[in-house]
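In the order they appear, the protein sequences are chains B and A.
Letter 228 of the first sequence, counting from 1, is numbered 228 in my numbering, and no numbers are missing.
In my numbering, each number is its position in the second sequence, counted from 1, plus 685.
Please note that the accuracy of each hint is not assured.
To be verified - Straight-line C-alpha distance at most 30 Å; calculated DSS-like pairs for lysine-lysine:
#1 Lys193(B) / Lys955(A)
#2 Lys902(A) / Lys194(B)
#3 Lys465(B) / Lys733(A)
#4 Lys733(A) / Lys9(B)
Unchecked claim - Under 10 Å between C-beta atoms, here's a sample of chain B residues computed to sit facing chain A:
#5 Ile7
#6 Leu49
#7 Lys193
#8 Pro495
#9 Asp499
#10 Leu515
#11 Tyr516
#12 Glu520
#13 Glu523
#14 Ile526
#15 Glu597
#16 Glu619
The set of hints was computed from the structure by calculation and includes no laboratory data.
Computed from a predicted model, the values in this text were never measured in an experiment.
Beta carbons are placed, not taken as given, at the ideal position from N, Cα and C, and that holds for glycine.
Here are the chains, one letter per residue:
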Amino acid sequence: MSENTEIMKYVPTTCPYCGVGCGLNLVVNDGKVVGVEAYQRTPVNEGKLCPKGMTCWEHVHSPDRLTTPLIKKDGKHVPATWDEALDLVAKKLKEVSDKHGPRGLGFHTSCRTVNEDCYIFQKFARCAFKTNNVDNCARICHGPSVAGLSLSFGSGAATNGYRDCLNSDLILMWGSNAMEAHPLAGRRVAEAKKKGIPIIVVDPRKTMTARIADTWVRFNPSTHIALINSMMYWIIKEGKYDKKFVEERTEHFEDLKKTVENYADCEAIHGVPLATVKDIAFRYADVKNAVIIYCLGITELTTGTDNVRSLGNLAMLCGNIGREGVGVNPLRGQNNVQGACDMGAYPNVYSGYQKCEVPENRAKMEKAWGVTDLPDWYGVTLTEQINQCGEEIKALYMLGINPAVTYPDSNHVKRQLEKLDFLVVQDIFFTETCQYADVILPGACFAEKDGTFTSAERRVNRVRKAVNPPGEAKEDIWIIAELAKRLGLKTFDLPTGKDVWDDMRAVTPSMFGCLYERMEKPESVIWPCPTPEHPGTPILHREKFATANGKGQFFGLEYRPPAEVADAEYPFTLMTGRVVFHYHSRTQTGRSDMHREVPESYAQINVEDAERLKIKDGERVLLKSRRGETNTVARVTDEVAPGVVYMSMHFAEGVNNLTNTALDPLSKMPELKHCAISIEKLGGN
Amino acid sequence: MVAKGDMIYAWAKDSEVQKKGECGGAVTALLKHALESKMVDAVIAIQKGKDLYDAVPTVITNADDVIKSAGSLHCGTLLIPKLIKKYLNGAKDKKYAVTCKGCDAMAFYELAKRNQINLDNIVMIGVNCGGSVSPVAARRMISEKFEVDPDTVHKEEIDKGQFIIEFEGGHKGIKIDELEEEGYGRRSNCQRCKMKVPRQADIAAGNWGVIGDKAGKATFLEICSEKGANLIESAKAKGALETEAANPKGIEIRGKVENAMFKLGDSCRKRDFEGLGTGKDRLKLIMEESSKCIKCYACVENCPICYCIECSTKKPWYIAPGVLPTSFMFHLIRFAHVSDSCVNCGQCEELCPMEIPNALFMHSQQTEIEKMFGHVPGRDMSPPIHALAEEKAERARLEATGTDSIYINIFDEE
Chain B
1 MSENTEIMKY VPTTCPYCGV GCGLNLVVND GKVVGVEAYQ RTPVNEGKLC PKGMTCWEHV
61 HSPDRLTTPL IKKDGKHVPA TWDEALDLVA KKLKEVSDKH GPRGLGFHTS CRTVNEDCYI
121 FQKFARCAFK TNNVDNCARI CHGPSVAGLS LSFGSGAATN GYRDCLNSDL ILMWGSNAME
181 AHPLAGRRVA EAKKKGIPII VVDPRKTMTA RIADTWVRFN PSTHIALINS MMYWIIKEGK
241 YDKKFVEERT EHFEDLKKTV ENYADCEAIH GVPLATVKDI AFRYADVKNA VIIYCLGITE
301 LTTGTDNVRS LGNLAMLCGN IGREGVGVNP LRGQNNVQGA CDMGAYPNVY SGYQKCEVPE
361 NRAKMEKAWG VTDLPDWYGV TLTEQINQCG EEIKALYMLG INPAVTYPDS NHVKRQLEKL
421 DFLVVQDIFF TETCQYADVI LPGACFAEKD GTFTSAERRV NRVRKAVNPP GEAKEDIWII
481 AELAKRLGLK TFDLPTGKDV WDDMRAVTPS MFGCLYERME KPESVIWPCP TPEHPGTPIL
541 HREKFATANG KGQFFGLEYR PPAEVADAEY PFTLMTGRVV FHYHSRTQTG RSDMHREVPE
601 SYAQINVEDA ERLKIKDGER VLLKSRRGET NTVARVTDEV APGVVYMSMH FAEGVNNLTN
661 TALDPLSKMP ELKHCAISIE KLGGN
Chain A
686 MVAKGDMIYA WAKDSEVQKK GECGGAVTAL LKHALESKMV DAVIAIQKGK DLYDAVPTVI
746 TNADDVIKSA GSLHCGTLLI PKLIKKYLNG AKDKKYAVTC KGCDAMAFYE LAKRNQINLD
806 NIVMIGVNCG GSVSPVAARR MISEKFEVDP DTVHKEEIDK GQFIIEFEGG HKGIKIDELE
866 EEGYGRRSNC QRCKMKVPRQ ADIAAGNWGV IGDKAGKATF LEICSEKGAN LIESAKAKGA
926 LETEAANPKG IEIRGKVENA MFKLGDSCRK RDFEGLGTGK DRLKLIMEES SKCIKCYACV
986 ENCPICYCIE CSTKKPWYIA PGVLPTSFMF HLIRFAHVSD SCVNCGQCEE LCPMEIPNAL
1046 FMHSQQTEIE KMFGHVPGRD MSPPIHALAE EKAERARLEA TGTDSIYINI FDEE
């Protein structure tokens, strides 16, 4: 077009919400995003969108957007220039670093922002302060998947793609409410059902996903290992396991066999009748190709890593790895949680999961980044950094993350943040965490930058700039580069997203072949992709596993109950989750029309429990745990079993006032999905 | 001088437009001329995005750019008129020349009836359409059934009942019937469609009926309005277009092809509607399928009949907000408000993330209502059966009555 005024211009990009990675078109009129239209061409979602994708543009031009840097002066946040703000941040972080060393600072990155932002952020933290205290919110999400699948298979990512379940003979969904949390992945399951592929859903709650199942198995919350071990016991006992696969492609089968011998019947633990256990076990074992799709019901527990390995055990036992129609697929939560991990925003690895403790890796990064003495120690993880505030850690830098709402035990988080000498928050809206910040830096949202998100099926999807950020807000890579400049760092002159991406590619063998040019069509590229000619790798572990010796690892895992279970004082079990209408702390969805659907929190309480406590549907109730309390609305339903309460995580002063910070020792995942609470009737509507 | 009702063969004078355009490039030439002569402010046409499976609706304001939209794309499944309502102010103050499939043409009229588009500002260049194929489905079909790498295809078309591709190394055609029996082929609503030659447009263009030495080199134009006649005359006068009378035998052949397509549409309707069962069985099926709904609102946003600012489905006294499964009331409201006017454009079904066959359900009801009341949507400005009201005025009137009971106000015998 010869004119510069854009009229109904389509900008194909990727949705900023969940990890499915749906493509969509932002529609731009005259420098403003005015809507979203279907992008039928993308194989991921073929033009279809969920309520969040349909409305993902509504927050872009919200009048609430942060438009200038803010500095806290006398307890109030006042506007400042970029120079003022950046000079102050550089000065203060350097002060802390000089006085307290590399362990005195911490860096938390969002899993919602593009790969380029995550990569440059971890590079900055490591180069400027020689610290490995870098982490991202996969820690409180699918961290156990990364840890667990790495141990079992050698690679912590989903083995097969979403659409591949249409090649299965049976789909086993475990701890996943895909129809609400990953609707366009759930769509594939709906398609599979139309093809006549049987669906088994294992979930303590009767969710939207459970409703489309052919078989829904309700079990006691957080008893996965007991149930899976029991299934495996019977599969082994009846000789229904894949002997050839076990022999040729795995190790330590004997450990597994020995351990599960004690799990012949544990209905007392998991609550599922033996006949049902055998039914689902044999159906999974008997079909030629079966896939396991799982999500946070498996991971957000103190046994998260073990739970994941348990699914790995089950899949390998029946030879369901390494071809079409099989696999173990975690549905990664956020649009770029896969990417944030891939980019090395982790305390122990660089991009591509190259370990910091390996001298060759450090040397390679030092050479590429123009620095020396990169740290080799395992940095402190997300929630542990919160625990260290005021002690070892004096300063934190948060990029697009809202701990005051989304980390467990909100009251604890807020108390800890107050203990810091210095807190920087870089975000697009003034979140609940911003209240505690000394400096707030206004960044760019997904519609205002060029970059990439990596979805849960390891597809790297392009994000394309449609409009400029509002006011003085800047692209996040610019902000980091400016700080790097002030701290005298070289190798940060990377003005565009592509420059940052190529900087990353140069040091990341598994992604070296993922060129921007190859991402022009929405098929894009699926890593590992080591060379520009390599076709990408939709299915992992075809011939051998990614472990050191190529063999899949069985683990004999014993069931452990959660850290805090219901007792006399707190007699109910609290489960948490997500609803389709909101995304996490509602920074964005709270500013779209969809907010109308769920304007406040609610708790699902079982019909029998409600009757006993004389609680009516719609009444207010007070939920209490050892950590705090929350006032919410009761939804009386039989979707949860007696003794179980479910609340979504989206609201401040909500469910995280109650949740437990107890950690999974292997992945440092806090036990967000299980704690003990009491219910008090407040009455009134 | 051409007039409404004439049927002619036409082709572009400009050799580049002739080559790049479909069948002699008449449509491209007309669009270009409409823009050049300032008959319109912009052309809205489909351009190839990343490849020939990627249909991108484009507003073209520079006449030299019109040629970028030349050629036909069978993977363009989108509906243009609703975009004009949403993003171009319903063509209130600007004039647009728009290429339209049958469903686009029907959608234009339904939007116009509801005061959402100013049809006086639209020059509608209708194109014959045998049906469209969703782009990803097309690629899969080419890969699995044709056994060709879809990235090597440089031209595709639907002709004489076949889906034909030209690729590096040859060309291949497979019968649409065969493809659709195996679950490939056109969108489900396209298979039922009987709007093959859009005569409610200003001009209906296609390649059926072009025989003799002009076969493949000229486009068949049926002139459907005075506006269309003026455009063609003006284009001829400016030397953009050349024409000759259509061969009578060609006209006959065209009629036969159209009838064959109608028969095909009829048999697909029979198959699809009978598959729904009747009475309570049909209701049960519809309720079950609809219970998967997660309220994405893609059906409402893309439907050419839906336009309310305050959608009834968002009223909490009809449907409890934030509760899944979505109440069947959501779909009942859609059925109640849309079914008399559904034009089977298929957007609601193609874009549903939960694979609910919305178009099938709505179209099945529309055909029953048409039998009962004789109202045919999408052809002309006949008002729909349901009362047509100016939304804000009607809401104000109801509010002024002091009661929200619609029935008392309308049916009360005084």
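How the hints compare with the structure:
Only pairs whose Cα atoms come within 30 Å are accepted, and lysine 193(B) paired with lysine 955(A) is accepted, the gap being roughly 25 Å. Of the pairs offered as hints, the one joining lysine 902(A) and lysine 194(B) is violated, with about 45 Å between alpha carbons and a cut-off of 30 Å exceeded. A threshold of 30 Å between alpha carbons decides the hint, and for lysine 465(B) with lysine 733(A) the separation of about 20 Å falls inside it, so the pair holds. Of the supplied pair hints, the one linking lysine 733(A) and lysine 9(B) holds, its CA atoms being roughly 14 Å apart against a limit of 30 Å.
At its closest, the beta carbon of isoleucine 7(B) sits 4 Å from a beta carbon of chain A; the interface hint therefore holds under the 10 Å criterion. The restraint placing leucine 49(B) at the interface with chain A holds, with a minimum CB-CB distance near 6 Å, inside the 10 Å limit. The criterion of a C-beta within 10 Å of any C-beta in chain A is met by lysine 193(B), whose closest approach is roughly 9 Å, and the hint holds. Because the beta carbon of proline 495(B) sits about 26 Å from the nearest beta carbon in chain A, more than 10 Å, this interface hint is broken.
The beta carbon of aspartate 499(B) is not positioned within 10 Å of any beta carbon in chain A (closest approach about 23 Å), and the interface hint is therefore violated. Interface hint status for leucine 515(B): violated, as the beta-carbon distance to the closest one in chain A is roughly 15 Å, over 10 Å. Interface hint at tyrosine 516(B): violated, since its Cβ lies 14 Å from the closest Cβ of chain A, which is beyond the 10 Å cut-off. Interface restraint check: glutamate 520(B) against chain A, minimum CB-CB distance 6 Å, threshold 10 Å, status holds.
Annotation: interface hint on glutamate 523(B) holds; nearest CB of chain A at approximately 9 Å, less than 10 Å. About 16 Å separates the beta-carbon of isoleucine 526(B) from the nearest beta-carbon of chain A, more than 10 Å, and the hint is not met. Given the 10 Å rule on beta carbons, the hint for glutamate 597(B) holds: about 4 Å separates it from the nearest Cβ of chain A. Violation of the interface hint for glutamate 619(B) is found here, the shortest Cβ-Cβ separation to chain A being roughly 16 Å, above the 10 Å cut-off.
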